[in-house]
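Chain B: place on chain A using the hints.
2 protein chains.
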Amino acid sequence: MWDGGEIVQAQLLKVDNEEAYDPYDSVLVKMKEPMNPNAFIAALRASISQWRQKGKKCVWIELPINLSNLVHPAVEQGFRYHHAESDYLVLVNWIPRDIPSIIPANASHTVGIGAFVVNNERKVVLVVLEKSGEFRGSGLWKFPTGSVDEGEDLCAAAIREVQEETGIDTEFGEILAFRQAHKSFFTKTDLFFVCMLIPKSFNIKTQEMEIEAAKWMPIEDYAEQTFVKENQQYNLIAKICIERLNEQTIGFTPEAVTRKSGGMTNFVYYLKSRV
Amino acid sequence: MWDGGEIVQAQLLKVDNEEAYDPYDSVLVKMKEPMNPNAFIAALRASISQWRQKGKKCVWIELPINLSNLVHPAVEQGFRYHHAESDYLVLVNWIPRDIPSIIPANASHTVGIGAFVVNNERKVVLVVLEKSGEFRGSGLWKFPTGSVDEGEDLCAAAIREVQEETGIDTEFGEILAFRQAHKSFFTKTDLFFVCMLIPKSFNIKTQEMEIEAAKWMPIEDYAEQTFVKENQQYNLIAKICIERLNEQTIGFTPEAVTRKSGGMTNFVYYLKSRV
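Chains A and B, in that order, are what the protein sequence lines are. Last residue of the first sequence? That's 275 in the working numbering, and every number before it is there in order. Last residue of the second sequence? That's 1275 in the working numbering, and every number before it is there in order.
Just to be clear, a hint being listed does not mean it is correct.
[Stated by the list, open to error] Just a sample of chain A residues kept apart from chain B, beta carbon distances all over 12 Å, derived:
hint, residue
1, Lys123
2, Gly139
3, Gln163
4, Ile198
[Claimed, not checked] Okay, the calculated bits of chain B under chain A, using three or more residues with CB under 8 Å as the criterion:
hint, stretch
5, 1081 to 1090
6, 1098 to 1106
7, 1151 to 1165
The set of hints was computed from the structure by calculation and includes no laboratory data. Ideal placement from N, C-alpha and C gives every residue a C-beta, glycine not left out.
Just chain A, same shape as in the assembly:
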């Protein structure tokens, strides 16, 4: 019964993209401006009611970190976390009660590269002593390594890391191997790609913040280091690299393919030339 109180006509949340992720009939709300939590709750309820009528199945809300006061209200309205980066959090709500949720998984893997930069004529490989991380102070000469950023091609990441750490320009060669490791950081899984690169310059200029020293080292000396010999993974990767130099093995090379839907180029890596 109408009790004479004030009618609150909730505004609707502004939708940025009604087809953010097509197969899910979804709505994406990118919150930008501060909003009173009560007004946010009212708008959220009114909006979801309308989206449900329109047959939408999934609602995403992206909240920048300066709107962290809206996280708790969204959770109270039934939203769950989906993923977060340093400065924003994405929450999601699956609307239909009679259809099982098919919300796609969050990113599950970190991805890194190790660069086998080799001068095949002289059989020397580019190695570094790291200033930080688990090998700090260990005396271990290792391949330059680094993370592949979101949106970055593996082959580009390898070239970039070598340039940053040692100043050496390279051309991408092959992916000789990769390893998958679990629980590398919190519960995430790590993929690490061993990339062979061909040096185009030889004068080393180390990055002072991360790298203690860098040099060209005979590949056998690299493989003979105690840690490399005693660690199964390092030992196997050294063996694969040496076998590649002896032409007993070969790696995957990248081939660019264009997506039908647009100009974006992906790389497919596979064995193109035979041993």
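Same frame as chain A, now just chain B:
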């Protein structure tokens, strides 16, 4: 000056792991019990002051979703988001003002597999019609595909997906190719591994929720489908699979390696046998 008010002796937050991620001299706080936001702020301030004195550089707080009311207070105390899963959020704070932050990146990639399950004698491949997703209703017969979960080996994921979607038991063979694609979902990057598997059973039993139909199809008929011919990526992958059957190419096979630090086994994938 002491004004006679109540002295609030803040409790310290309970630390679960002072060496959560060694190279970062970090503290991990896993919040489990509800806490008044003001008490949480007081405890957080007192704790950080103590950790700073102990030389800790990095503080992680894991907040389950039922404690979402503590997100905003943590952000107000200078914490940033690091990552989130459905039911928890991890925040992080880099303490030293004079040392640049080396907080590790969040997971950046989703990882999937496509299963090339082939009976080489009969040159038939296992294909499915999907009920949902972008190919729903398109009539496209495609390889079984699926996501690799956190903590799951690629080779195990391929076997699992084929079993789930078609009921076929398989043995892992090789990784024939992989492709990296950007902005597959929000800003994340996707890695997709084409796995060759050897069937150990032949009677198909489809999963009703995701799969409309499944069958064994001559590989040439698969490759002749209009979509496969016209999409560069599908076309290239079909070509790589056919070349594998003709023994013109070969893939990477997994080899288990044990981490020195413990019993955990990782897989390294590389070209073991020559073409």
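Hint check:
Remark: the non-interface label on Lys123/A is consistent with the geometry, its nearest Cβ contact in chain B lying 20 Å away (cut-off 12 Å). Remark: the non-interface label on Gly139/A is consistent with the geometry, its nearest Cβ contact in chain B lying 16 Å away (cut-off 12 Å). With a cut of 12 Å on Cβ distances, Gln163/A stays outside the contact zone with chain B, its closest approach being about 19 Å. Chain B leaves Ile198/A outside its interface by the beta-carbon criterion, the shortest separation being 19 Å against a cut-off of 12 Å.
For the stretch 1081 to 1090 of chain B, the stated coverage by chain A is satisfied: 10 residues place a CB nearer than 8 Å to a CB of that chain, which reaches the threshold of 3. Given as covered by chain A, the stretch 1098 to 1106 of chain B passes the check, having 5 residues with a CB less than 8 Å from a CB of that chain where 3 are the minimum. With 4 residues carrying a beta carbon less than 8 Å from a beta carbon of chain A, the stretch 1151 to 1165 of chain B meets the three-residue requirement, and the given coverage holds.
In this structure, every one of the numbered hints holds.
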